[in-house]
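Spelled out, the chains give:
Number of protein chains: 2
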Amino acid sequence: MKIYLAGPEVFFPDADELGARKKQICDQYGFTGLFPLDTQIEPAATASATGFLISHENEQLIQACDLVIANLTPFRGASADVGTVYEIGLARGMGKPIHGYTNDPELYHSRLNALFGSGTEQPQGQLRDRDGLKIEEFDLRDNLMIDGGIHAGGGHFIAAQKKAAITETAAFEEVLIRLSR
Amino acid sequence: MKIYLAGPEVFFPDADELGARKKQICDQYGFTGLFPLDTQIEPAATASATGFLISHENEQLIQACDLVIANLTPFRGASADVGTVYEIGLARGMGKPIHGYTNDPELYHSRLNALFGSGTEQPQGQLRDRDGLKIEEFDLRDNLMIDGGIHAGGGHFIAAQKKAAITETAAFEEVLIRLSR
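Residue numbers (this note's numbering), protein chains in the order written: chain A, 215 to 395; chain B, 215 to 395.
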């Protein structure tokens with residue numbers, strides 16, 4: 215079983231080591247991990263052409279995998295990394311099982327309220343941000359399309375019990391444990 | 215041709231009006247717009263069950279459309295709304311054409327740098343944010359999986375020439391004009 219390892223680890227200075235570590239954990243449970251940086255890209259004529267090439271290679275990797283496990287820990291805001299979110303959407307559209315984990319146990323509405331809230335007391339179910347825009351209150355871990363897509367395919371979405379760094383792997387390993395049962 | 219109208223308009227207090235307006239513009243060009251709020255949801259037993267129900271209905275709407283036009287204007291951060299991003303990934307995985315527009319003409323690396331940059335001068339091609347994480351520099355409008363997915367399917371990704379509110383529809387209409395040619 216080949217698992218595409220989606221997540222914002224690719225932006226870290228030690229991305230290759232982080233990928234190698236996750237692949238090693240996959241090995242321990244009898245899975246093969248595919249990391250976005252596995253494909254070596256030669257720079258194209260323009261920056262945007264290089265970007266499109268990387269996107270193409272990642273889409274191919276996802277096509278080649280049996281399932282996706284996404285690191286959905288909040289990244290640069292209240293939600294998961296958007297590249298990762300695109301990838302789980304893509305995988306689900308292709309009919310592949312998607313799973314996720316987050317190293318932040320806080321619920322989505324609480325993070326949104328902390329980052330973008332109005333700072334005033336508001337009745338439950340009627341939360342608005344400081345611009346008057348609705349804050350989703352569904353007791354979910356992120357935008358309902360993310361939690362919903364994972365749920366609809368029978369996937370696991372594991373949250374760390376205590377807030378941990380984006381690169382921590384305990385919740386990731388918990389997904390693998392459940393998959394190997 | 216049925217077009218799924220993905221975007222963060224659903225969070226606005228006048229979401230129904232915003233959806234009706236975009237559907238009317240679709241009509242003008244001979245298309246039928248499907249808006250996420252078209253499906254009326256009865257609240258389920260729990261908040262999360264209601265969220266899953268909305269997600270399911272939206273996935274069904276996307277399955278029923280011929281193509282997607284996504285409002286990818288930055289929302290609560292440097293990137294497009296994550297729910298919208300999940301939806302274009304899903305549509306692409308289903309083999310449907312995806313198109314997008316943004317009312318912010320600034321490129322992604324410039325927005326990331328403004329919001330999360332280190333504040334120090336850095337050589338081009340080696341931009342890092344304040345946490346030392348890589349800032350994508352591909353002269354694209356958002357994360358390369360978003361621009362890349364649209365590009366790979368031959369889609370249009372139109373940017374407004376001047377920064378405009380999230381709910382402005384000129385760039386949206388420009389996508390329709392190109393589609394109707």
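Derived by calculation from the structure, the hints in this document are not laboratory data.
Just so it is clear, the structure is predicted and the values come from calculations on it, not from any experiment.
Take these hints with a grain of salt, some might be off.
Since the list gives no way to pick one copy over another, a pair counts as held whenever it fits inside one copy or between any two copies.
Claimed, not checked - With a straight-line Cα cutoff of 30 Å, these simulated DSS-like cross-link-like pairs (lysine-lysine) come out:
no.: 1; residue 1: K348; residue 2: K216
no.: 2; residue 1: K376; residue 2: K216
no.: 3; residue 1: K237; residue 2: K216
no.: 4; residue 1: K216; residue 2: K377
no.: 5; residue 1: K376; residue 2: K237
no.: 6; residue 1: K348; residue 2: K237
no.: 7; residue 1: K310; residue 2: K377
no.: 8; residue 1: K377; residue 2: K348
no.: 9; residue 1: K377; residue 2: K237
no.: 10; residue 1: K216; residue 2: K310
Structure-based check of all given hints:
1. K348 / K216: between (39 Å within a copy, 27 Å between copies)
2. K376 / K216: within (29 Å within a copy, 45 Å between copies)
3. K237 / K216: within (10 Å within a copy, 42 Å between copies)
4. K216 / K377: Classified as within; 28 Å inside a copy, 43 Å across copies.
5. K376 / K237: within (24 Å within a copy, 45 Å between copies)
6. K348 / K237: between (39 Å within a copy, 22 Å between copies)
7. K310 / K377: within (29 Å within a copy, 38 Å between copies)
8. K377 / K348: both (26 Å within a copy, 23 Å between copies)
9. K377 / K237: within (23 Å within a copy, 43 Å between copies)
10. K216 / K310: Classified as both: same-chain Cα gap 11 Å, cross-chain 25 Å, threshold 30 Å.
Going down the numbered hints, you'll see the structure goes against none, and every one checks out.
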